[in-house]
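Hey, can you work out the whole structure from these sequences and the hints?
There are 4 protein chains.
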Amino acid sequence: MLAVHGSYCHGEDQLIIQGCSGSAQMAEPRDTVVLAYSGGLDTSCILVWLKEQGYTVIAFLANIGQKEDFDAARKKALALGAEKVYIQDVCREFVEEFIWPAVQANALYEDRYLLGTALARPCIARRLVLVAKEQGARYIAHGATGKGNDQVRFELSCYALCPSIKVIAPWRMPEFYQRFPGRRELMEYAQKHGIPVPVTPKAPWSMDENLMHISYEAGILENPKNRAPLDLYTKTCDPATSPDVPDELEIEFEKGVPVKVTNTRNGVTHRSALELFMYLNDIAGKHGVGRIDIVENRFVGMKSRGIYETPAGTILYHAHLDIEAFTMDREVRKIKQGLSLKFSELVYNGFWYSPECEFLQHCIARSQQAVAGTVRVSVFKGQVYVLGRESPHSLYNEELVSMDVQGDYEPADATGFININALRLKEYHRLQSKVSTKQDE
Amino acid sequence: MLAVHGSYCHGEDQLIIQGCSGSAQMAEPRDTVVLAYSGGLDTSCILVWLKEQGYTVIAFLANIGQKEDFDAARKKALALGAEKVYIQDVCREFVEEFIWPAVQANALYEDRYLLGTALARPCIARRLVLVAKEQGARYIAHGATGKGNDQVRFELSCYALCPSIKVIAPWRMPEFYQRFPGRRELMEYAQKHGIPVPVTPKAPWSMDENLMHISYEAGILENPKNRAPLDLYTKTCDPATSPDVPDELEIEFEKGVPVKVTNTRNGVTHRSALELFMYLNDIAGKHGVGRIDIVENRFVGMKSRGIYETPAGTILYHAHLDIEAFTMDREVRKIKQGLSLKFSELVYNGFWYSPECEFLQHCIARSQQAVAGTVRVSVFKGQVYVLGRESPHSLYNEELVSMDVQGDYEPADATGFININALRLKEYHRLQSKVSTKQDE
Amino acid sequence: MLAVHGSYCHGEDQLIIQGCSGSAQMAEPRDTVVLAYSGGLDTSCILVWLKEQGYTVIAFLANIGQKEDFDAARKKALALGAEKVYIQDVCREFVEEFIWPAVQANALYEDRYLLGTALARPCIARRLVLVAKEQGARYIAHGATGKGNDQVRFELSCYALCPSIKVIAPWRMPEFYQRFPGRRELMEYAQKHGIPVPVTPKAPWSMDENLMHISYEAGILENPKNRAPLDLYTKTCDPATSPDVPDELEIEFEKGVPVKVTNTRNGVTHRSALELFMYLNDIAGKHGVGRIDIVENRFVGMKSRGIYETPAGTILYHAHLDIEAFTMDREVRKIKQGLSLKFSELVYNGFWYSPECEFLQHCIARSQQAVAGTVRVSVFKGQVYVLGRESPHSLYNEELVSMDVQGDYEPADATGFININALRLKEYHRLQSKVSTKQDE
Amino acid sequence: MLAVHGSYCHGEDQLIIQGCSGSAQMAEPRDTVVLAYSGGLDTSCILVWLKEQGYTVIAFLANIGQKEDFDAARKKALALGAEKVYIQDVCREFVEEFIWPAVQANALYEDRYLLGTALARPCIARRLVLVAKEQGARYIAHGATGKGNDQVRFELSCYALCPSIKVIAPWRMPEFYQRFPGRRELMEYAQKHGIPVPVTPKAPWSMDENLMHISYEAGILENPKNRAPLDLYTKTCDPATSPDVPDELEIEFEKGVPVKVTNTRNGVTHRSALELFMYLNDIAGKHGVGRIDIVENRFVGMKSRGIYETPAGTILYHAHLDIEAFTMDREVRKIKQGLSLKFSELVYNGFWYSPECEFLQHCIARSQQAVAGTVRVSVFKGQVYVLGRESPHSLYNEELVSMDVQGDYEPADATGFININALRLKEYHRLQSKVSTKQDE
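Heads up: the protein sequence lines correspond to chains A, B, C and D, in order.
The first sequence begins at 1 in UniProt numbering and counts up one residue at a time.
The second sequence begins at 1 in UniProt numbering and counts up one residue at a time.
The third sequence begins at 1 in UniProt numbering and counts up one residue at a time.
The fourth sequence begins at 1 in UniProt numbering and counts up one residue at a time.
These are computed hints drawn from the structure, not numbers from a lab.
In this text, all values refer to a predicted model and were calculated from it rather than measured experimentally.
No false leads were slipped in.
Any copy, or any two copies together, can satisfy a pair, since identical chains are not distinguished.
Subject to a maximum C-alpha distance of 30 Å in a straight line, what follows is the list of computed DSSO-like cross-link-like pairs (lysine-lysine):
1) Lys434 with Lys260
2) Lys225 with Lys334
3) Lys434 with Lys334
4) Lys434 with Lys225
5) Lys255 with Lys225
6) Lys434 with Lys255
7) Lys434 with Lys166
8) Lys260 with Lys225
9) Lys260 with Lys235
Set out below in structure tokens:
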């Protein structure tokens, strides 16, 4: 059994997998590869192709909340010649160790993207590395393309956790991608090697789904002017046909993460991380919450267009923002906001397991110590409306702010405050006038 | 006539009003005050009170898009003893010189507030100063409270534009606020001095409206847990009863500001800044777009709760974000995002006329040179959905990003890119393993 | 005895002094004031003046490393009518709890000032508050001027630690400063009230000294063009006449703070914080290290000119910078650098005891966990030269960087790295060319 | 003749070289390469090796201020078979277009490195590209190693200026570096191909020199503990033996760049950019100013140790910092400081010709509009001491800051200023006390 040092939680300590240093000699068998297997056409072909290249292939499939027939996938992988198949449910750790830190950070890439795919990759990669270590495999393979972010996220995660691992990325290897320049060649290869070919025609775009979100890109979506087809969406209802009555939720936070969700319409309550997150997915999905259509900047330097659905994440983004503003000091918030911007960029770029991301996660978690309380939200027709909030730790002081009560506040102090703040502006005006006068002469 | 040096537009040059240096000797009459008059009970009482104190009062009322009977206000001010009344329509300059820079910046205070009130204050203050200069008045008075942001915004603007001006803020003067501890005393004073008293009962909250937004705060809203009453909103329809059919708009940008709006459902088109902004207000208002309920941090150091409606501003925020992401280089965007955060804070705090805000406005405008193109949005049930975008200046390269075309892109390069990025992470792992191993011994 | 909750050290927890909430009822005697007494003319006059106003005065004098006849000061205060005199040696806590966090941060205000005075103020203020609490005093008084930073630093510290304290700042009270418009009036007052008047003529500038530094400002230094007189300096020798032979030191760090200093020329070694800091002061002073002449921006909005000597602090700044660069990951360092900039500004402005400064101190301390090792420096003729460094935790990898060894490094990877980084630049060129071509047409 | 669009100066417009788009068809001859030739052993061997590979080689050597026998280098290149040799003096443009923007920015990488090499690379690369375009060459080759920063700086510059250029980097090509694993093999190859071999033994470190600085690294310096030999330095005297009398200089700035230098000891004055820079090099070199020994983080992710001499740059860094602080508003300075940090990082990493660097250069230049005046410095024994400064645009107000004059300043305002700033801290204390009290129960 593999020893994992350090805790996974809240960035206190980075995962250190022993015996992974670059120079370490590793155990046989030396030609085993753990393949991040999805059950789809691409990774099925890769599985067979890797065997052709002489590798022993162990298929690994994470259940991270995607819709998938895991049993069928297991059978398929074995049928294609996988030595072993590992299917592991990582949903709980995905929520607790990856989504929660993102909620604490209000993580948002380029002002819009809630990082659904980016958060899933390091969660999967960690498991890939653990399986590789257990099995003494020196190689990890994945089916991510050569132009995207996911290749980076997978590989940086693997290398950071275990520098001696070698990653095989067939879509970047000429011997692979020249052999399979298009989908037709893949299909032919599949038919030739007994790989089951999907019976339904492929959607004219690609998708990637997990518990937090689903992304749609490529194909007809590559033209950024093209409107997404109405039937594209799978995780949220069309707001045009969503219920005409809102759901109202009370979301309770402790240390910046949700610990309880109650639907005030029917009293339904959830407390565990995974359950409450899934429940929020249900409610948000039902009301069409969490759709965006954006152009974003990939780490490799190109702009791409993506359409995303992030139902629960969208509710939590709004609710956390609110409870944080309510309980956190203004200046701490400003500093934390800067850290979160950086954190979001790092997560997007695949640096989850980096010293800087670990550092940021620690600092952000620190900022959340008193982020506690309850936010009431209404979920309706694609929107999340904050209705009110309360907290035992709030820095909001109703008496102080009241227009009807003077309280300890001395209005005359504001005069001095303004005058001193004006000092610098007056000096600047003085100088500008001088310059301006001179120019007029 | 007053000479105003420098252009107002796009931050190229700050407004310099000559003859305003602190030490300058000013013309008589020395006891004239220009009052920022709203027509309401408070500033009416202040008008009379200022006269009681021996000042000659000139009432100034900006038409900045609020619903108001300006003619009645004029008559009222004159009846109360104002020497003169100036009512000036500043709507166009508000849009072009204040809202547009905020659109360019994607200005957002504390991740949520679009700065509707904060942007209006320097627009009004500039006019106040110009009137004071024209009239040879040494004083400016306003009715803002002593706990709020608006006093700061008004006064910093006035002092920055004309350091020799003296501001009278009655709500911070003990002789005033001790005389009028509550609304009852104001009413009594009004009745005694023939000041018309509103016949309708005052709403249990306070409001401030302009072309861009309306704010609701104080009163029953001071308890942050209390839900806003459904009948509070005045600028947007309730999404529950808003139309069941979306409007779709094409918004064209040049240099980061909208230059044309077309409703694709009916072909209605607007091109001038003011008209297109008002049209967006109509459309957004009709569909319930732009409501928020937040707790924010005031510059004076307290948290307050505010409810805002910003219809057109919300559409433009989303549309500009999209066209900017489409046309701006990733790294420029990141730098500009940091500048915008600072810009938003400065605007909120009242530093519109400051060297730093002028500097930021210039830099942000520079970043917008190629932010041009058209965004198509759907406005529906409280939401703005981006549907697509196109631009002659886009950095989006459909061929480069395509999954089906290799283009100039060499997938093998990504391997090197990842490996070099992994170098630092591997080194860190090496060190951590060493430390960890040592600790195990 | 006063209960102090929380540790002082390393920002882990902010000092909370119980029973200080604004609304708390406090014990009699209600008219006792604790005066931050310096023994000089100003605070002696203030002492007598406060008694005139009816206060019971307790004099507090911190020994924070300044040159002072503390015994004489005690006698003087008692002779002038102080009820009690407290003289407390705070040198050790000044080094360990205030200077050390600044060393960890490489704290530097406006790229040059090592914050010597700014760090001392919260150290003194904390003691003032503790004495006030012990003595049941409701007031604290100080002799800082109304234009400077120190008034802000003292008072924000006092209010943050004990909101119910009232601060008396005579130099901001018209009844005081109008009575004493100049030094002559102070002298007259002194003579009248038996306050000993300094026999030596006052230097034509003011000074403030502590263990870390001495500042010179005002008087003839107010003209920023005037060169500082050669005989002004008191903590460092003139580099023109300093020894012609350098001293070489080995400075060992743990967690970002120095834990051992060895003079390799003579083997002298110091390990305790206070002793090693004082020794560094000796060595740096002997070699003329640590003089600067700057114009800085005060928090109240004006520029001022100051001349500072910070001998030990200057050595530690250079040494810490070096060991940090040697042991800290590049990206962590960049984030930490931003935090330190903010930290320095906060310390300068007097916000030591603020939620944001506490947060930053925590984050910065976290970044220092592996900042350990030894730096060798030469101290000579006003300069500190880093000669070399070593560390058990270094991220420096001699084999990796070597030009003579390839190691694990694959040069071809750099090609991919460069090409991918170039992608964005090429896209930008493509667009610029298009625009440029169009403009030519 | 090649048309170059846009100005080179002050970042107003990026250099656009037409006809360089990636997809453009280029003129024959297709196998010509422009080699960045240094005259040394490495690039001489590369020249011959490129010819072996079938390329027509044009040698390009920039005179960027290094000590070099350019005539001998020309002859040598021709003798080795170069088709043509271009030797171009770029000193003036190096100072005006690359060093000056760095002076404006106070550019400093990782708090210490003045970027001497990093600034030279884009200056040279631009010329390389221009020659390649003129000559119709499709290739550029350089002799930079595969582990360093210079390869990145050269190539990103080339690709940004002319995307269709192909770069040949022999030290990253296995067929080259495996053939020449060490210096011995290079020597053998040289002897075999009639390449003149240096008669003096190579220094046990590598050097790179230009007008701004010289760097020493590798060889015996790779051990970061090793002290640099005393005889290593070539651009500055040993402070131990430098003159015992300082030089005093008056440096006049306009728009943030030096426009005049006067030695007040002898009246020597220089006004042109190049001449005054060279004169500052002389003076600084004579007094041993500008030596540093650092460990830095390379862009490729490894730490390296470098020793640098930057004589004139060090004087200008201190002088510019001073005049900037004197003339620039505090808050503008803070924003500009953040931009400069980013600028320095970009320059170090090789992104001179990037949209973000162009943007930053523009913003920084904008901040320098009023950075004008004269700084007096003393240069002595390795140190630069600022003695005083004056400026027609200073925001320093001697009357305002004076301790002896109250001026327009109202001390009572500071009370309000402090109290309002304390508000937030008191609120925080209130909450902490509550929490703390609870925990005690």
